[in-house]
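Please arrange chains E and W on chain V, whose structure you already have, making use of the hints.
Protein chains in written order, with our numbering: chain V, 1 to 334; chain E, 1 to 354; chain W, 1 to 506.
For the record, the hints were derived by calculation from the structure and aren't laboratory data.
A virtual CB, placed ideally from N, CA and C, is assigned to each residue, including glycine.
Treat the hints with care, since some could be wrong.
Unchecked claim - Coverage of chain E stretches by chain V, computed from C-beta distances (three or more under 8 Å per stretch; other residues unrestricted): (1) 114-124; (2) 130-139; (3) 257-264.
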Amino acid sequence: MQRRLEWLRGWEGILLVLLFGIIVFNSSMTPHYLQVQNQINLFQLHIEKIIIALIMTFIIINAEIDISVASVMALAGCVMGFLYEKGLSFELCVLAGLLTGLLTGAFNGFMVAYARMSSLIVTLSGLIGYRGLAHVLLENRSVGNFPEWFDRLGQRPLIGPFPFALIVFFVLLIIALIILQWSGAGRYVFVIGNNSEVARYSGVNVRRVKMILFILSGLISAFAGLLLAARLGSIRGDTAIGTELEVITMVLLGGVSIFGGTGSLYGVLLSILIVLNLRNGMGLLNVPGENQTGVIGALLILSVLGPNIVQGIREAWSRRTIQRRTVSEEKKGG
Amino acid sequence: MDTLKRYFRPEQLRELSLIVLIVFIFLFFGSQIEGYFSPRIFNRVTNDVAIIAVVALGQTLVLLTRNYDLSVGSIVGLTAFFIGKQLTVYAGMPPILALLLSIAAGACLGLVNGLLVAYGRIPSIIVTLGTLAIYRAILVAYPGNKMVLINDLPQWISDLGSKQLFSIGEFGIRPVVAGAFVMFILFQLATSYLRFGRQLYAIGSNPEAARIGGLPSQRIVFSAFVLCGAIAGLAGFLYLVRFGNLNTAAAQGIELDSIAAAVVGGVSTNGGKGTVMGTLLGALMINLLQQSLLRWLVISNFWVEALLGLLILIAVLIDSVIINRLSTLWNQRRLEMQTEGETKTTKEKESHAA
Amino acid sequence: MTVEAKEPVLQMRHISKRFDTTQALDDVSLDLYPGEIHALMGENGAGKSTLIKIMTGVYHPDDGEILLDGKPIRVANSVDAQAYGIAAIYQEPMVYPDLNVAENIFVSHRSQGALVNWRKMYEEAENILSKLDVRLDVRMPARGLTLAAQQTIEIAKAISLNVRVLIMDEPTASLSAHEAEQLFKLARSLRRQGVSILYISHRMEEVFEIADRVTVFRDGKRISSLPREEVTKERAIREMVGRKIEDFFAKTKERRGELLMSVRDLSKANVFSGINFDVYRGEVLGFAGLIGSRRTDVGLALFGVEPADEGEIILHGKAQKIRSPERALRLGIAYITEDRRQIGLTMPMSISSNISLPVLRMYLSRFGLIQTREEDATANQYKERLSIRAPSIHHPVGLLSGGNQQKVMLSKWLNTKPQLLIFDEPTRGIDVAAKAEVHQIINELAAQGLGLILISSDMPEVLAMSDRILVMREGRQMGIFSRKEATQETILAAAMGQNSGAIEKA
Numbered sequence: 001m002q003r004r005l006e007w008l009r010g011w012e013g014i015l016l017v018l019l020f021g022i023i024v025f026n027s028s029m030t031p032h033y034l035q036v037q038n039q040i041n042l043f044q045l046h047i048e049k050i051i052i053a054l055i056m057t058f059i060i061i062n063a064e065i066d067i068s069v070a071s072v073m074a075l076a077g078c079v080m081g082f083l084y085e086k087g088l089s090f091e092l093c094v095l096a097g098l099l100t101g102l103l104t105g106a107f108n109g110f111m112v113a114y115a116r117m118s119s120l121i122v123t124l125s126g127l128i129g130y131r132g133l134a135h136v137l138l139e140n141r142s143v144g145n146f147p148e149w150f151d152r153l154g155q156r157p158l159i160g161p162f163p164f165a166l167i168v169f170f171v172l173l174i175i176a177l178i179i180l181q182w183s184g185a186g187r188y189v190f191v192i193g194n195n196s197e198v199a200r201y202s203g204v205n206v207r208r209v210k211m212i213l214f215i216l217s218g219l220i221s222a223f224a225g226l227l228l229a230a231r232l233g234s235i236r237g238d239t240a241i242g243t244e245l246e247v248i249t250m251v252l253l254g255g256v257s258i259f260g261g262t263g264s265l266y267g268v269l270l271s272i273l274i275v276l277n278l279r280n281g282m283g284l285l286n287v288p289g290e291n292q293t294g295v296i297g298a299l300l301i302l303s304v305l306g307p308n309i310v311q312g313i314r315e316a317w318s319r320r321t322i323q324r325r326t327v328s329e330e331k332k333g334g
Numbered sequence: 001m002d003t004l005k006r007y008f009r010p011e012q013l014r015e016l017s018l019i020v021l022i023v024f025i026f027l028f029f030g031s032q033i034e035g036y037f038s039p040r041i042f043n044r045v046t047n048d049v050a051i052i053a054v055v056a057l058g059q060t061l062v063l064l065t066r067n068y069d070l071s072v073g074s075i076v077g078l079t080a081f082f083i084g085k086q087l088t089v090y091a092g093m094p095p096i097l098a099l100l101l102s103i104a105a106g107a108c109l110g111l112v113n114g115l116l117v118a119y120g121r122i123p124s125i126i127v128t129l130g131t132l133a134i135y136r137a138i139l140v141a142y143p144g145n146k147m148v149l150i151n152d153l154p155q156w157i158s159d160l161g162s163k164q165l166f167s168i169g170e171f172g173i174r175p176v177v178a179g180a181f182v183m184f185i186l187f188q189l190a191t192s193y194l195r196f197g198r199q200l201y202a203i204g205s206n207p208e209a210a211r212i213g214g215l216p217s218q219r220i221v222f223s224a225f226v227l228c229g230a231i232a233g234l235a236g237f238l239y240l241v242r243f244g245n246l247n248t249a250a251a252q253g254i255e256l257d258s259i260a261a262a263v264v265g266g267v268s269t270n271g272g273k274g275t276v277m278g279t280l281l282g283a284l285m286i287n288l289l290q291q292s293l294l295r296w297l298v299i300s301n302f303w304v305e306a307l308l309g310l311l312i313l314i315a316v317l318i319d320s321v322i323i324n325r326l327s328t329l330w331n332q333r334r335l336e337m338q339t340e341g342e343t344k345t346t347k348e349k350e351s352h353a354a
Numbered sequence: 001m002t003v004e005a006k007e008p009v010l011q012m013r014h015i016s017k018r019f020d021t022t023q024a025l026d027d028v029s030l031d032l033y034p035g036e037i038h039a040l041m042g043e044n045g046a047g048k049s050t051l052i053k054i055m056t057g058v059y060h061p062d063d064g065e066i067l068l069d070g071k072p073i074r075v076a077n078s079v080d081a082q083a084y085g086i087a088a089i090y091q092e093p094m095v096y097p098d099l100n101v102a103e104n105i106f107v108s109h110r111s112q113g114a115l116v117n118w119r120k121m122y123e124e125a126e127n128i129l130s131k132l133d134v135r136l137d138v139r140m141p142a143r144g145l146t147l148a149a150q151q152t153i154e155i156a157k158a159i160s161l162n163v164r165v166l167i168m169d170e171p172t173a174s175l176s177a178h179e180a181e182q183l184f185k186l187a188r189s190l191r192r193q194g195v196s197i198l199y200i201s202h203r204m205e206e207v208f209e210i211a212d213r214v215t216v217f218r219d220g221k222r223i224s225s226l227p228r229e230e231v232t233k234e235r236a237i238r239e240m241v242g243r244k245i246e247d248f249f250a251k252t253k254e255r256r257g258e259l260l261m262s263v264r265d266l267s268k269a270n271v272f273s274g275i276n277f278d279v280y281r282g283e284v285l286g287f288a289g290l291i292g293s294r295r296t297d298v299g300l301a302l303f304g305v306e307p308a309d310e311g312e313i314i315l316h317g318k319a320q321k322i323r324s325p326e327r328a329l330r331l332g333i334a335y336i337t338e339d340r341r342q343i344g345l346t347m348p349m350s351i352s353s354n355i356s357l358p359v360l361r362m363y364l365s366r367f368g369l370i371q372t373r374e375e376d377a378t379a380n381q382y383k384e385r386l387s388i389r390a391p392s393i394h395h396p397v398g399l400l401s402g403g404n405q406q407k408v409m410l411s412k413w414l415n416t417k418p419q420l421l422i423f424d425e426p427t428r429g430i431d432v433a434a435k436a437e438v439h440q441i442i443n444e445l446a447a448q449g450l451g452l453i454l455i456s457s458d459m460p461e462v463l464a465m466s467d468r469i470l471v472m473r474e475g476r477q478m479g480i481f482s483r484k485e486a487t488q489e490t491i492l493a494a495a496m497g498q499n500s501g502a503i504e505k506a
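The following block holds chain V by itself, in its conformation from the complex (with noise of 0.2 Å):
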């Protein structure tokens, strides 16, 4: 119970308390907001995002970072969709842009583990690089009219209400906590992120690992650059520019160090389902989407200003107190 309750004191307590003024607010706006189905609206707008953030999350715990998830997604669903345009069949349209995840992946995890780059810089070429490969391919088209069972997919529900990609968001959560939590390659994240030394001389095969890593991120955000194209029908070059930065806000809110290290996924659950009411909320109440960015961009400088303000106070009073002290004793000696 003393666990429990030091827990709570700590970063995902400010966290839930958050949450819970936010779906407050929200629920005495409209009546039906914590019906099933407008929550599941609520996730759909971002399950894409939301996904990805799982990996995310590993990758920033392991001291890296992958800014070109975003153009990962574009580039996926433009294979795709150029294949599907000459001719190909479908299904295998979609193992190639399943096959692009993987291979980007592949080889942001080489620079990174192997060739001992610095993950934002190869990460920053392959935004660039990948979106540009994505604008080869289609230029200024868009490619649509997807057989019906791939539509059917994205836009309809599968089990239940729960549309497909709900369900992957679910399992696929279930299985990081699992491993990130309990499992010993979780721990070797957290090992690597706190000192890769270490990890190194004690037998952990950080190279291994880095590549891992990379090539999951790859797949998984080629993954959902597909289930992106199903949602919308359509897919383009431009597709879901700027996500990169949603993903890594939720992933730095729900209390991950940037250092590396330290974090976990229930932070990041908390701050996922934050963002998402958050912005509900604020779409509620009319807020355009870039001023609610500007909000949870906010969010995201109080989360780590706060815990900095009150550890200032206390450096700053407990040095009073010794120049006070200092100060008597001065008088004192005369």
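Just chains E and W now, with coordinates in the frame of chain V:
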């Protein structure tokens, strides 16, 4: 070999190679494309480069201190929009006031960044990710219709954008380009000869040592962000002059272009390394390559973006390879010096023993 | 050297400092005189670094005062310290790798104008360096320089700031013998110029070579301050430890078993070459040599962290390619690093997580989940066996004392059930009692039939603990001595590559 190492520091070698590459690109495409050496292309390149280079200049100052400013795109857009709106309403505002207002606005935005990073002790990625969104939101929330139209702006804006300041033969240099160039010269001098400039390098090179060694680290980082914001504000003014018509997506994405220009120009994302002139060359090379590829009929236009990504990767790879090679060279030199010293001491001791 | 009646330049009077539950300094007084090298000795935790931090303004004393030239001063931060002429150089020099030598020297000067005069800076830098009789290219970036050269820059920096009190904290710990000698020359030169030097070192030989006066700290108190002539090694140790200390645990009688590993012609370009030796079960093979002899690199090659280029490592009858720590572990080799903080332990993680890390796969269920019960059981076993002092095995390792961290590291590697264990400076920086415990453990391990390689720069330790001693110098193997042949003189001579004469003792 010694004097070579003495006077040609790695950064200068880097800049030299950039110049060589630019010349090479220039000559290569000149041989491939009809009418390459025309005033029109010259204008296009210089005007494009001017804005991105100026933004990259501010970004460089921040990068040197081992920080990032991802909000510059929103700052450029917001200041451009802001000034545009003001000029629409107060058409009689003197140009110099508009310029100063733009810089001041940018400085204020940069100030917020600086406060949060330097004194709030929040990592710059997080701060500028947030302000990127916040400033863009402010732009969108700006009262009135969400556009600035060239027709509503005073005449001098379009004049500034199109008239030439002076010309070299057939090639006209517009005020925007000249201004950008002057800024680069000034800041290159500043980072080489001003104590403040050198302190930027020190902080990025070893933040711990700077803190312990008594450098006013917080103040310096803060100033870097304010400067970056002010320069981005200036770029916002240039942006308005160049494009005239603005919407809420103005200058979106320029932050990545500025980082790319700096990185290609030899600035390290780890701080402490790189020069302002290098950034200028980086921006020039990227844009020159982009414009050349656009006009090169061998490959479709859409390859430009993809190749840009590749270019950044190659630039950074070269940097790390060069670093590796240089450090091996240094190490060998060190071993030589040490053994030299050892043999000397041994000889001394032997003579003593004798 | 006779000390004329001089006024002390810096006086610490009745300084006390408390951290939560520890009294780091307790009514400590110390006088520093100009033109004198004052050595400060004491175990870890005796209060030496706390005192330095107070002198340089990083900490503030709870009680007491500091007098400069007889007048009380407040050193509130490093800027104040600089202004008062107090400077410190540490084992790890803090230079700006991207700035050149001259800039490194002058960058933290506060009294300069807004403009940088490069020519003047280069001139002044060269001046200072020539006064120190050092050859360095002032235009070179600091990145490529050796540690010793970087330390020289720090000293030059201090001189440029007109240092009056120079603190040197374990400055020779990472230097080669030659470089250390250069450092002593610098120190003597500074002494001649009237600088007061506070020299902190664990190494008795150094202290006796260079100091004019010796002060001993223990448990935050000053025990004694005496001119060097009046101090003896035994007395100093006794005062540092507070009790009479027996000699190191001598290695128990050799019971050599079968051949475990053979190394033939092991080489790594520009690092080491021609390493040849055998290791037997039940035996301790000592690796002796001066700092810089590259013994650690051989260890890293055996463990696969920095694999060798050429040569053979023969284990279990075949030549093995060891290109990763993973491989080394599977072959039964474990390497215990000297650097706990940077590469030895994951500080924020619990004791049990640290212990299980190299063999985590042994604690995984079929689905790859960690079986914490087994993990905890293992950790508790080691906690008892090695007497690790901590509230529980879930306690973060970063909060433990140095000696206990060492034990956690040892547990971690013992848990990999190694056949060959490589110890790299296992007793560096831990107090005398813990040292004895480690030696006892080494003995037990050898008795259990493990093969042990002991890399140590502590000559007495190597001599006492090893069955045979391999001596290295600058990457080359100088010879293997049996226990009978090995004496401090022969080992040292081999370590220095000479057969007579130049032994570095006063």
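Numbered hints the structure breaks, given as an ascending list
No numbers; nothing is violated.
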